[in-house]
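Q: Mind the numbering: the sequence shown is residues 5 to 193 in this note's numbering, read in order.
What the hints contain is simulated information worked out from the structure, not anything from laboratory work.
Worth double-checking, as some hints may not be accurate.
[What the hints assert, rightly or not] Derived lysine-lysine pairs resembling DSSO-like cross-links, with alpha carbons at most 30 Å apart: (1) K15 / K71; (2) K15 / K156; (3) K156 / K119; (4) K123 / K71; (5) K119 / K66; (6) K71 / K31; (7) K156 / K12; (8) K66 / K12.
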Amino acid sequence: MDAIETRKVGKVILKIYHDEDPLDPRKDCDNFGTMVCWHSRYNLGDGIEIENINEFAAHLNKTAAIKLPLFLYNHSGITMNTTGYMNMDPAQWDWGQVGWIYVTIDDALREYGWKRTSKRRRRAIMNRLLQEVQAYRQYLEGDVYGFNIEDKDGEVVDSCWNFYGMNYVREEGMRAARNAPQNDQLTLL
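Given the sequences, and given the hints that come with them, work out the whole structure.
A: In structure tokens, the structure reads:
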């Protein structure tokens, strides 16, 4: 596997790679929201099957504190967002609604220890759901990375993986490289 970016930081080298085996943020991580999707060829979201989309939508209208639609764009790969892809495909040949991400009022109150919601709190809930969709989008697009920090001899002295987004892996990789032991600081035990 070749590094997609290499930087010298002090006496160590930071190498950034595509994560070829990233964690699925819907299956391998704890999530606040529930992501329900339907698609004939992809197993998306949290793997919850629904029999009648209209009945499920009516159920969400009664129980969800916040629900956001999920749209899938499928053209030489897939990506997902909550706003649609009208600017990329106005005829809607390659995209459409594929589900919802939501949280129930009871779950939101329990998670935050609140007795009731407010406009400000609903915005906080929505932002958290949007962050989950963003992480899942990055996972679907392969926008997941890891890094190795090597000493001057090419030995790996630090490594971390499963960063969603290039900016995030650069930031954390640089932080780790600045804090990595330089060759003259290494001590054998």
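Q: The structure should be examined with respect to each hint, and the outcome stated for every one.
A: Structure-based check of each hint:
| no. | hint | result |
| --- | --- | --- |
| 1 | K15 / K71 | violated, 49 Å |
| 2 | K15 / K156 | holds, 7 Å |
| 3 | K156 / K119 | violated, 56 Å |
| 4 | K123 / K71 | holds, 15 Å |
| 5 | K119 / K66 | holds, 18 Å |
| 6 | K71 / K31 | holds, 20 Å |
| 7 | K156 / K12 | holds, 10 Å |
| 8 | K66 / K12 | violated, 55 Å |
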